[in-house]
Amino acid sequence: MGRIPVVDVQPVVRDGSLPPGQPPHPVKASVGEPFRVSATVFREGHDELGCEAVLVRPDGVRRRPHRMRPTRDPKQVDRYETWLQADAEGEYAYEVWAWSDPLGTWLHHAEVKVPAGVDVELVFTEGTLLVDRVLAAGGLNKAEQQVLASARTAMEDHALPVQARLEHALDPALAAVLAAHPLRELLTVEGPFGVRVERQRALYGSWYEFFPRSEGAVENADGTLTSGTFRTAVSGLERAAAMGFDVAYLPPIHPIGEVNRKGRNNTLDPGPEDVGSPWAIGSKDGGHDAVHPDLGTLEDFDAFVARARQLDLEVALDLALQAAPDHPWVTEHPEFFTTRADGTIAYAENPPKKYQDIYPVNFDNDPEGIYAEVLRVVHHWMDHGVRIFRVDNPHTKPLAFWERLLADVRRTDPDVVFLAEAFTKPPMMRGLGTVGYQQSYTYFTWRTTREELEDYLVEVSAETAHVMRPNFFVNTPDILHAFLQYGGPPAFKIRAVLAAMSSPAWGVYSGYELYEHVALRPGSEEYLDTEKFQIRVRDYDAAQAEGRSLAPYLTRLNAIRRAHPALQRLRSLTLHYPEDESVLCFSKQERAGDIDSDTVVVVVNLDPHGARETTVHLDVEALGLEIGETFSVHDELSGETWDWGGHDYVRLDPHDEPAHVLHVRRNR
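For reference, each letter of the sequence shown is one residue, going 1 to 668 in the UniProt record's numbering.
Be aware that one or more of the hints could be misleading.
[Stated by the list, open to error] Derived lysine-lysine pairs resembling DSSO-like cross-links, with alpha carbons at most 30 Å apart: (1) Lys142 with Lys75; (2) Lys425 with Lys397; (3) Lys425 with Lys354; (4) Lys354 with Lys397; (5) Lys353 with Lys425; (6) Lys397 with Lys284.
Please keep in mind that the hints were generated in silico from the structure rather than gathered at the bench.
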């Protein structure tokens, strides 16, 4: 315990597995992203204290300290906070400094003692001595020096009335100078605490998923389909770019197993025309380092990646560590798998689901051999321009394996981003973030009510933001939520605006813009005729020409995200209170609590079936506004502008527009 106690410093990533003396895992941050630092700081007696947070650069140089202020929550006694921000990638740290504050103590004494006639001259004398110490310490500009000199002269001027001398002592300009140049006594330093600052794409981006084999596929006269290729799949890139997406995510592009191949809708009796699941990786044509011959060659893939770069897109590739029964690993490395008592290799199961076309890798059988092979595969695709990997089911592999792999990749290529497709228990999801995953899929898909959404937005933006960055996918090839099945086109708008406005990273699986909503069977979240097991031919252009496409709306949402830095942040989200339980309201800011930074208020009708009208009560102080102050809001969706205060009427019809996305501007 230091001389000035500093306890419960946050954020800190502690997972309970670290041996004594080893520092915690680093906190997550991205370039330009502010993150909150807080601590409980207290001391004995009645003297004032001060505390600051200090960012330490990778080269060990300390940045300018940021003064920590008491939190707004009166229940958090002696809790202080501030925001730090790094402007470059690297392994940073932060420290919390606490000290006895003689300047704060003197200002308090002056404010209390002088009006009461207690030790008046002594108080002024002590003030002039403290001012002399600040002047002697240096580092002041001419204007600050003038403020101190003027206050000193006034405090010593016995010809002035005591009240006038006190007013000079309590001048806000003097207080500002003293706060900017504190005198630190009994300094206590807590830390350092690691902060890993990664590139912006680790936090922010709009993802669009499509199957290359469906892009440009042709239906033949006999009803069979000819697969699309990397060359025809450029249409998917161009469509994603036109809608303003940043990342084009491809499911596995490797040869698909022929043994135990699944038929349409996951059936066990495939016909000769069935193409199988891309996640059943490996055949006589190769394994994880090969491309399916129907899609083209590695050179074709290279050209595909190059075209993506021209469109300002990054290509994310699926990394699925499993094998079809005819994968080359099965004959070359049978030790990678689990052999059952009858001599057969165990296929994948998630009871009651069975995946007869997949063998899971057993990471305990040959950990070094498996590790070397996976690292080779990852570097192979990195060499072909892939800098983002969406990892399939990482929660079914050991955390120690991922910690080692991600650290080795980061050591040579710190720009590579890994997204965890882990719909699993919270400890594992946070564990994956702890060991290095930059992003994670989330439970967003299953959060549909206001209460569920409010709780979850607080969780991902405040409680876990230091360890797990969310990516809000509105749908996936595996997940078609009942909200979309039965909510009609308004439901698709509602989920899109929620995901795009509340999370800096969000994703869409192709077909969403066409309102695809038919499930395999009642109660199922599987799509009918799921693209996982067959080629889907879609006419996006016709749908848009006929007004049956959500593409223009998705395009608008992505344009709004790019225009507003607030929507590219995770940690500055504040909930507000609409009276109607079917209406959700939250705000995001570029810098929390600063109305003069970029500020966006989002109001969403969560009911896809009917209009809702209500009064929204805003926490204006959290926005950096004064109570009773009016301000201007510009709706980025409708183009309308209104004057708002703290209590405002809204009416939202989901069949027209289910949301307001309001850019807040202070009235001057």
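Do the hints match the structure? See the list:
Distance hint between Lys142 and Lys75 is unfulfilled; the C-alpha atoms sit about 41 Å from each other, more than 30 Å. About 14 Å separates the Cα atoms of Lys425 and Lys397, which keeps this hinted pair within 30 Å; it holds. At most 30 Å may separate the alpha-carbon atoms for a hinted pair to count; Lys425 and Lys354 meet this at roughly 21 Å. Between Lys354 and Lys397, the direct Cα distance comes to roughly 18 Å. Compliance with the 30 Å bound is thereby established for this hinted pair.
A C-alpha spacing of about 18 Å is found between Lys353 and Lys425, which places the hinted pair at or below 30 Å, so the restraint holds. Proposed proximity of Lys397 and Lys284 is supported: the alpha carbons are some 26 Å apart, at most 30 Å.
The structure fails to meet hint 1 from the earlier list, while all remaining hints are met.
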